[in-house]
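Novice: The lines below spell out each chain.
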Amino acid sequence: MSTTTDRAASQAAHTWGGLDDATARALLEEALGAATGDGVTFADVRLVEAEEERLYTDLRGELDERREHNAGFGVRVLRDGVWGFASAPLDGPGTAQAVARRAVAVAGAAAGTAPVVLAPREPTSGTWAVPVDVDPFAVPAGERHDLLQRIVRAASAPGLVRSVTAGLNAKRQHKHFADSEGSRQSQHLVETGAMLLAVAADERGAQRRSFPNSFHGNTAAAGWEYVLGLGLEDEATRVGEEAVALLGAPQAPGGTADVVIGPAQLALQIHESVGHALELDRILGDETNFAGRSWVQPDDIGSLRYGSPAMNVVADPTVPGTRGSFAFDDEGTPATRHALIEHGVLRDVLSSRDAVARHGGATTGAARADGWAWLPVCFATNVYLEPGEGSLDALLDRMGDGYYADDNRTWSIDDRRMAFQFGTEAAWEVKNGRRGRLLRGFSYGGLTPQFWGSLEAVAGPEEFKAYGMPCGKGEPKQWGFLGHGASPSLFRGISTGVAR
Amino acid sequence: MTTTSSLITSTDQAVPAVGADRAVEACAAAVRAAKAAGADEAEAFLSGRAGGYTRFAVDRVHQPQDVHERQLMVRAVVDGRSARVATTDLAGAADAGRRAAGRAAALASAAGPLAALPAPVAARSVPSLAPEVLWDPRTAAWGTPERVDAVRSLMGAARTAGGEAFGMLGRAVTELAVVDAEGVERYAAATEAYGSFTVRVDDGTSHWVDLDRRLDVLDLDAVVARTVEEAGRARGRVDLADGTYDVVLSPLATGELLEGFHAYGFTGDAVADGVGSVARRRGERVAPETVDVADDPQAVRGLPFPFDPEGTDASRVPLLDHGVVADAVTDRASAARAGLPMTGHAHIAREETPHPAPASLTMAPGTASVDELVAGVERGVYVQRLWYLRVVDPAATTLTGGSRDACFLIEDGRLTTPVRPARFTESVFGVLSRVDAIGADVLAQPLANVWNGAVSAPAVRVRGFRFGSAAPGAPTQDLEEETA
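Same order as they appear, the protein sequences are chains A and B.
Per our numbering, the first sequence starts with residue 1, numbered consecutively.
Per our numbering, the second sequence starts with residue 1, numbered consecutively.
Derived from the structure by calculation, the hints contain no laboratory data.
Quick reminder that beta carbons are idealized off the backbone N, C-alpha and C, glycines included.
Please note that a few of the clues may not be correct.
Stated by the list, open to error - Cβ-to-Cβ under 7 Å is the rule here; a few derived chain B residues that face chain A:
no.: 1; residue: 63
no.: 2; residue: 67
no.: 3; residue: 84
no.: 4; residue: 131
no.: 5; residue: 135
Build out the structure end to end from the sequences listed, making use of the hints.
Specialist: See below:
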């Protein structure tokens, strides 16, 4: 239970900027009032104010600090059954009406193409805020700089570490939403993260290690307390030492092997081969030209065997603390928990109102947009592999001989999210359930259903880790910010190595 | 088709999102305020984009978008420590400048002063871009109504052939203003026409992308007919057996192969760190003389632009100069650290530290038609598109990815059986070393996550390209039929 002081700290972290709920509500009504005219049957408005701060440093001690603020409208209308969308930054009185009129005009120009239908949904109103213990925007420059310097020193202690980049990031958002069906919502988000990357190099080549994740670090829906809980200095020491050790490590062999995949790598595997594959707009073909389609067909939903009985995947933005946590998606659908895959069978997908109306059923609330400037599309929310039981050591013991691999180094998957090849920064040989030699250049690949079909066991909740990831989709590409998580998991007989 | 009509006006006429006077004045206000607040140095840039994007799928315009974006970013330096503050609120430009100075001072207080880098070598002199290179009135007039008309025709052509079309036609105006405390004051605005679509007929697909300042370069009438025909011809795909083939890479595939050049050490940062191709292999021949790869912001094809967000003239940088490892692109800081000239390649991406980056990759065309390239292959593969390329080993320039869309076996100099997507893991320098002929026609495509980024390239013929799945023996069968 939170104390009065905790609640005050949390509230303070959301008291910033120029768009309090009352001001925003008035602007939303202005926009909705202008998003009208002949044939207009629906409109929604997103008004978003965001501020982001990043501080990076490196071995040279140079600092790069950035604080970026933006605020603007995105207005979407249905006119004679055709979408129109317009967006613009807040630019004084009249912005709301101007953007709304542009959206109506855009829809009018596309009249006569096949009509859009929205799945019915009851209007919902409310306010929600991410719990924050320590406002990351209130942490003094000296404290942030000192932490980064300690990390860099620890990671660069071994002489062969040639490059270290360390960074801290925080973002806060006021997201306000209204639609013509009566929904009125305000969400106040705060996220905080850190990254560390060390590269060791000598005549044998260059090797990298990272923490807490290899792609842009890791970010959580929380305050500065998240960074303090990472144990960055200790991890930095390990990262530097492992980067150097990899220089002399043998190349991981190719073939067929049993592998325990760690949670960071598995989070990316879930993202690429489950999350994207289950976006309903993609399954229906909307993204065919660029991001691609899915190996899942519309009729598969509800019955397709996606993986082994050990595979249970959930989309749940109501879980606090992740980059995919929210109370309402970006078209106003309340967040709820959805089982996507149960005991290896596909039960549901990530959908929006537009997409689900073409397929049937109710939306799973996965319409998401990058700020105010872009249209909501189907993106993963907080999609994770449900834990099983037991420790990592118990899982390695169950495997016997094989490999333990974690932390992504490279990734590639085809446009149907079927055939993939991933590489990890590090892997260890496992014999008789015990970790042995460190190996460099570990890669594995396969086909999505066969790979997930080889999942034998998932470690317990005590080994579970959550990761916040950026992602891209759409044309022009917009960013999505998602949560994924997993416990270490045992896969039997997967293909390792790279064919050259 | 109405896309290349002689219309130069539209009810939806493109204009810059901000405009020259307002953009320059906002930057100047930010710089003045930063200096007044105690900054030793200050500079600001404003980037704006007004984009109209008409996305379509089958029979719907499913995402018609009219997106206006802008960002003013001011950088202030106090005792060698710098901080940047950015905003979309141009009325708050001066406040952004003051806050940047205050944050830089706080960093200097916390971290101590930092000695200034040596002054970088001056940028090369670059001729001015002619106004007509940046601004095309026909592109500016390619409004939503005109693009929707083109989309209707395109979807209709696909439907007539028994297929479906998916993609996007877009038009944008990009603008950039830069002001610093030393008197630099620059502004430019440029049009952009973009088309990208895929036609699907049964299991056959074909894809096309192009972008340019000039609408007519896209030649939509011709590419729609060709893409629909290719999709029909690509029906009945079979698996491609693992193995090494002579390949003809289409202009799109060649361009995609070049997208990762920044990762191979062609930046000032890599040179300063002593890693990568330019630091370690400069002067080494890695490809035939005909393979000429550069970053050329002055090239008319693609998205030419005269300067970067630091206000530096953007100049042509040879990367592989007639097959020989040559130079690196730089921003101001990396030029100073590496002792290289400034080339005008400053780049500030989201969630990344600022760093120099190639933004106008070009490969020089040859003289052959694609048919002539194919005619020189006895047994091989034509590759229309590459997909999801990721660097595996930057030192070896190795990447992995897959083929996609209209790919065919080549037998006795002719395209024959269509083949399904296949994975490969190859060294880019290795592939380029085996190029023995280059096509005449060039296509341009966006460079992901790079401001105003584009890569333009011709088709190439490569003697020896290895296709193979992640591990020998892994099944590569397309499972679509099993799951339909």
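Novice: Each of the hints needs a verdict: does it hold here or not?
Specialist: Here is what the structure says about each hint:
| no. | hint | verdict |
| --- | --- | --- |
| 1 | 63 | 5 Å, holds |
| 2 | 67 | 5 Å, holds |
| 3 | 84 | 5 Å, holds |
| 4 | 131 | 26 Å, violated |
| 5 | 135 | 21 Å, violated |
Of the hints listed earlier, those the structure fails to meet are numbers 4, 5, in rising order.
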